[in-house]
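K.L.:
Given next are the chains, with one letter for each unit.
There are 6 protein chains.
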Amino acid sequence: MQGVHLLSTIVVLALASFIASATDPGPLQDFCVAVNDTKTGLFVNGKFCKNPDDVVAEDFFTSGLNMPGDTSGRVGSNVTTVNVDRIAGLNTLGITLVRIDFAPYGENPPHTHPRATEILVVAEGTLEVGFFNRGHENAVAFAALSSQNPGVITIANAVFGSDPRINSDVLTKAFQVDKNVIDYLQKQFWETN
Amino acid sequence: MQGVHLLSTIVVLALASFIASATDPGPLQDFCVAVNDTKTGLFVNGKFCKNPDDVVAEDFFTSGLNMPGDTSGRVGSNVTTVNVDRIAGLNTLGITLVRIDFAPYGENPPHTHPRATEILVVAEGTLEVGFFNRGHENAVAFAALSSQNPGVITIANAVFGSDPRINSDVLTKAFQVDKNVIDYLQKQFWETN
Amino acid sequence: MQGVHLLSTIVVLALASFIASATDPGPLQDFCVAVNDTKTGLFVNGKFCKNPDDVVAEDFFTSGLNMPGDTSGRVGSNVTTVNVDRIAGLNTLGITLVRIDFAPYGENPPHTHPRATEILVVAEGTLEVGFFNRGHENAVAFAALSSQNPGVITIANAVFGSDPRINSDVLTKAFQVDKNVIDYLQKQFWETN
Amino acid sequence: MQGVHLLSTIVVLALASFIASATDPGPLQDFCVAVNDTKTGLFVNGKFCKNPDDVVAEDFFTSGLNMPGDTSGRVGSNVTTVNVDRIAGLNTLGITLVRIDFAPYGENPPHTHPRATEILVVAEGTLEVGFFNRGHENAVAFAALSSQNPGVITIANAVFGSDPRINSDVLTKAFQVDKNVIDYLQKQFWETN
Amino acid sequence: MQGVHLLSTIVVLALASFIASATDPGPLQDFCVAVNDTKTGLFVNGKFCKNPDDVVAEDFFTSGLNMPGDTSGRVGSNVTTVNVDRIAGLNTLGITLVRIDFAPYGENPPHTHPRATEILVVAEGTLEVGFFNRGHENAVAFAALSSQNPGVITIANAVFGSDPRINSDVLTKAFQVDKNVIDYLQKQFWETN
Amino acid sequence: MQGVHLLSTIVVLALASFIASATDPGPLQDFCVAVNDTKTGLFVNGKFCKNPDDVVAEDFFTSGLNMPGDTSGRVGSNVTTVNVDRIAGLNTLGITLVRIDFAPYGENPPHTHPRATEILVVAEGTLEVGFFNRGHENAVAFAALSSQNPGVITIANAVFGSDPRINSDVLTKAFQVDKNVIDYLQKQFWETN
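Residue numbers (numbering that gives the first Met the number 0), protein chains in the order written: chain A, 0 to 192; chain B, 0 to 192; chain C, 0 to 192; chain D, 0 to 192; chain E, 0 to 192; chain F, 0 to 192.
Hints are supplied without guarantee of correctness; some may be wrong.
Identical copies go unnamed one by one, so any copy, or any two together, can satisfy a pair.
The calculated lysine to any residue pairs, modelled on SDA-like cross-linking and capped at a C-alpha distance of 25 Å, are [to be verified]:
1) Lys38 - Val180
2) Lys38 - Asn166
3) Lys38 - Arg85
4) Lys49 - Arg133
5) Lys38 - Asn82
6) Lys38 - Phe60
7) Lys49 - Phe60
Rather than coming from a laboratory, the hints here were simulated on the basis of the structure.
Using the sequences and the accompanying hints, generate a full structural model.
P.N.:
Next comes the structure, spelled out in structure tokens:
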């Protein structure tokens, strides 16, 4: 039961200034287990539902959240997302859960969820403002978001790593710097994403 | 880091047949940190907000979720709720997080949340259908609910332990049993709640 | 016009402690008359719509609510539901209407609507708390619910009559009684539903 | 029980071409019984709530719907509305119920509810399209609307009877008629409303 | 740059007494570009989405709003609507934009949008209450509505020009006038629409 | 009428990758004209309402949108916002309108609206992707957003100009660059905002 004692004391909403505040609309039936839209070639707002007669308990279940994510990348963190794409039964139910692993000094870079608010509990270790592991040990957090598909825009990637590129004149003016700096920033993401 | 390895493999939506499916409406501003309505003597749908100029980071934070809840009661479980009453910053943001502790053979009795759907991750131990710890060790789960104030109706208490009592004729007919059985059931909750 | 004079004086919200509070999201067009999903083999949140060019007045109409429901069953009541399954034009419009007949001493057993609030008017006779006919005559009520498909969970059936059964250990602990009582309760619903 | 047999066969959505389609947002707590805003001099979206500790069963109840409304006016119908202003407990719960009485040849003139859809059951007599009693007897209908406060705009009154008047040049052009006709129409409402 | 200087000073909500107040529910993904439902023969609440992999920038763009609409008709105004039918990318995004041209003395006749509120800016000329051009020059306004498909009910047409006709007895009673006047009014729309 | 002919051909949704998608919940009454919360010292979700008896036409009106905004600042653009803070009558009605002026080569820097989608019409000149005036003349656009209070997060300011500063270690890791670059970027906003 050591895990319990290691639980950190922090429950924190992810940095408010980057958060969109939205909720999914309520569902129109008890459940609408998502089916794969690539099979039908048709797409709707959200997802198509499985025939209710074929729904099974497994549609509301997933395993594997005990496995740490790979934090060897440049930012030293890893997000395992359990949204409607992983638990089909979440379709129309307005909630998502994620596991976030942080290597020492790892961070979950500034981002926004365009369709959700987020609440985060630190299960292992200590995090600064919910994002940045300043400790010598790994950290683990769970977060929930108020949408079946909260989306994510990681600021640095969206601004400097988009494909196609945002015109560097636009970014030079927006960030008030030499165009060289923008070129340098764009180059980081060009090479590595 | 043993805690990480102890994380169970189960993520499961709480028993679907008892779940109401609803989401909070979206907010009308970035944040609306709740203030204590007993001070003003006025009440609104949701909560009044703090003056935005007085909002501080602590309004979005709580500690103590590393402390196990007391599971010595009759059902052998304990729910620690982090909703708008504990983190005032959750007001209007449509999400709640709970820690649930289960003693061996403890259970979280059948209940419904009238204003939310729920997603649950088992952080320690193993649970049957998200509710019932059949193992020899304690278990810990975190759950998120898609409302700032999901509410909870524990079926057994609401039916047999309400104050005032539901007329026993009504319950006798509803449960299709001898009135003695209803009297016996009502007596359990009368004495202990 | 005797019917008018027989109208009882009671308008009451169904017992608040068992009610979920939710509303359907607003529609995205004037109407979206439901079509039978079994024809297409596809299912969506709510229902598919008829081609708007083929919509007729009858899509918004049903008859037969003047016929009393059969109240000869064990609980002595009968619910006739006019939701999206009976009036296809209700799809996306967020409302349902029901007729409830009560034999003398009949009741509508404790239940919850997971996606709606309910308002009820007693048209004939007298009801106790909207549920229980204690008079010597039949009673008739109409109720409206704020969803095209409010759902219903009748507590006793959901707890003791579900298929598959809820583990009797779970119920024994939840209801704080001898396992014999749970077995007895489960048996009532096993035999009769 | 004659009243039951008199129940007409019609359940119909009020004339679709005049209906707005909207639903109230979901509530943020179990109930929020409305209090009189004139006491506080403050007004909010919807209504302020009573202190939850002071809520009583009567907050969810009204009587008197067995009384026919006065249909002696010019249109020969009368609407008795049970919305949040009459049952304070309806606040935030998204539903309203009305009783509509029709004298022979009475009608409920064309109107729209800007914040609700409506479903209507004819309890006595026969109505044409839910609006117009062409029979020799009185008629009674109950209707439910998907808002605590659906609002109502009676077309004729809003166009020709508004105070201040809509400029008659505007109406002359809108209705494509001689200004004399507009003056005549406006005069009907000026004198009688 | 004269156009800029001609911009009128009026921003006004369209005449409140005729406006329905509603908003679309939030979307469940970043975008859901509408596809033509006549191809699939299937219809849903709102619109089907294009395969996200095939979405292009043009799905969020339209041109031609610099072209004045034809104001030579009887009411002297013209509405160019940019809703989901013209910009497929608007599907699920809850907003519409229109250009309204007014000839001198032209008007946009009284109407209601059953699923939206409206905000209007006068870009050229001067309008009375947002509807009626009393100047000697053309006027141009832009308006936005809080729905991807706000709908529109032009009162005069809906009441006197519907097909099939509303029974003239109903209108005679509703408008409190001689049946001749109703016949005259209905005749205007019969001949010209 | 030259202004009309100068109207550009572009209607475009603001750059989708930076847009949050949300809509306000529907209102619970016809209008709820905002009053100044600093007078009462109380704050609610959205705004308090004026006494309905005191509402006047001016509550739904503002003037001055014919005045170009000052585009002499570093980014060469200016946003004039007409939201609930400028037209009190917009409270609860879910819509906002803005005028955006662009000097030649001016831009509206990358930003997100956390509670709204946006539609934009170019009234004068030509804009690249709705943001960037590459012409030799001024440009004017109007945009509408699906919220009474859409909020705005200008990326560059939020990331590099927040007060207090985001820890430069966090940004160094997030943007994958030398800490010197982050220091340089933060310095631009430190000095000028």
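K.L.:
Next step is simple, just say for each hint if it's right about the structure.
P.N.:
Right, here's what the structure says about each hint:
Proximity of Lys38 and Val180 under a CA criterion of 25 Å is satisfied in neither setting, with 46 Å inside one chain copy and 47 Å between copies. In the homo-oligomer, the alpha carbons of Lys38 and Asn166 never lie at most 25 Å apart, since the shortest distance is 37 Å inside one protomer and 37 Å across protomers. Taking the shortest alpha-carbon separations for Lys38 and Arg85, only the intra-copy value of 17 Å comes in at or below 25 Å, while the best inter-copy value is 28 Å. In the homo-oligomer, the alpha carbons of Lys49 and Arg133 never lie at most 25 Å apart, since the shortest distance is 45 Å inside one protomer and 32 Å across protomers.
When the C-alpha separation of Lys38 and Asn82 is checked against a cutoff of 25 Å, the pair qualifies only within one copy, where the shortest distance is 20 Å, while the shortest distance between copies is 30 Å. Proximity of Lys38 and Phe60 under a CA criterion of 25 Å is satisfied intra-copy only: 22 Å inside one chain copy versus 29 Å between copies. In this homomeric assembly, Lys49 and Phe60 come within 25 Å of each other (Cα to Cα) only inside a single copy, at 15 Å, whereas the closest approach across copies is 29 Å.
In the structure shown, a violation is registered for the earlier hints numbered 1, 2 and 4, in ascending order.
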